[in-house]
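*Asks:* Sequence:
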Amino acid sequence: MKLLNSFYARLLLLTVGTLGLGGAVLVYASYSNAIHEADELFDAQMAHTAQTLLAIAASDTDLDLSLTAPDTGPAQHRYQFKLMFQLWQAGTGPQRLLLRTPNAPDEPIVPEHAEGFSNKNWHGHPWRFFLSEDKPNGLRAIVGQDFAIRDELAHEIAHHGVLPFIIGLPSIALLLALAIRAGLQPLRRL
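Counting from 0, one number per residue, gives the positions in the sequence shown under numbering that gives the first Met the number 0.
Calculated directly from the structure, the hints in this document are not laboratory data. These numbers come from a predicted model, not from an experiment. You may find that some hints are simply not true.
As the list claims (entries may be wrong) - With a straight-line cut-off of 30 Å between C-alpha atoms, the simulated DSS-like cross-links for lysine-lysine are: (1) LYS81 - LYS134; (2) LYS81 - LYS119; (3) LYS134 - LYS119.
What the hints assert, rightly or not - Here are the in silico distance ranges between beta carbons for each label pair: (4) ASN32 - ASP59: 30 to 36 Å; (5) GLY22 - GLN184: 55 to 61 Å; (6) ASP59 - PRO110: 49 to 55 Å; (7) ALA176 - ASN118: 23 to 29 Å; (8) ILE55 - HIS154: 31 to 37 Å; (9) LEU168 - ASN4: 21 to 27 Å; (10) HIS124 - GLU39: 30 to 36 Å; (11) THR91 - HIS124: 52 to 58 Å; (12) ALA176 - GLY123: 49 to 55 Å; (13) GLY16 - GLN50: 49 to 55 Å; (14) ASN32 - PRO101: 32 to 38 Å.
Each residue gets a CB set at the ideal place from its N, CA and C atoms; glycine is no exception.
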């Protein structure tokens with residue numbers, strides 16, 4: 000009987016250990032994949048915002064662009080001040096700032112030759128920037144996003160992905176213990 004209990008304990012430990020290790024690998028893989036997809040989504044959003052700014056500026060020659068976008072009141076979303084943009088007139092002469100969000104500076108955030116995506120520290124925080132040009136109309140749009148947005152999303156994804164596994168593992172271990180005990184019952188009778 001003692002040998003059977005030892006066999007039962009060893010079988011349960013190996014089964015739950017394998018399940019825990021396999022689950023941890025799957026949680027990590029899911030987490031990494033979700034972060035990659037979120038980064039792709041954020042990058043696409045930044046590129047779309049830049050193209051929208053360029054399209055609006057190029058299509059409306061009577062557009063009254065002041066240097067700073069008007070204050071629209073309190074933030075409507077917790078990430079709102081972790082995003083910024085600048086719209087520049089970039090003709091043959093010196094560039095001229097046409098429009099910017101209130102949290103964007105008056106000078107270009109990224110160099111004019113840095114078209115596409117780039118990462119840079121700004122005010123002590125890592126930011127991701129996207130620069131897009133409309134060369135025929137002499138326009139340049141820069142969109143910036145604080146990496147804190149991506150980090151916050153990563154923590155939320157990790158929390159939502161790991162928590163069910165952590166809560167579910169003891170329940171699965173209990174069910175496995177009952178199943179192994181029932182499976183070993185004929186051996187116990189023998």
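*Asks:* Each hint needs a verdict: does it hold in this structure or not?
*Replies:* Hints, one by one, checked against the model:
no., hint, verdict
1, LYS81 - LYS134, "holds, 28 Å"
2, LYS81 - LYS119, "holds, 14 Å"
3, LYS134 - LYS119, "holds, 24 Å"
4, ASN32 - ASP59: 30 to 36 Å, "violated, 41 Å"
5, GLY22 - GLN184: 55 to 61 Å, "violated, 27 Å"
6, ASP59 - PRO110: 49 to 55 Å, "violated, 28 Å"
7, ALA176 - ASN118: 23 to 29 Å, "violated, 49 Å"
8, ILE55 - HIS154: 31 to 37 Å, "holds, 34 Å"
9, LEU168 - ASN4: 21 to 27 Å, "holds, 23 Å"
10, HIS124 - GLU39: 30 to 36 Å, "violated, 22 Å"
11, THR91 - HIS124: 52 to 58 Å, "violated, 35 Å"
12, ALA176 - GLY123: 49 to 55 Å, "holds, 52 Å"
13, GLY16 - GLN50: 49 to 55 Å, "holds, 51 Å"
14, ASN32 - PRO101: 32 to 38 Å, "holds, 36 Å"
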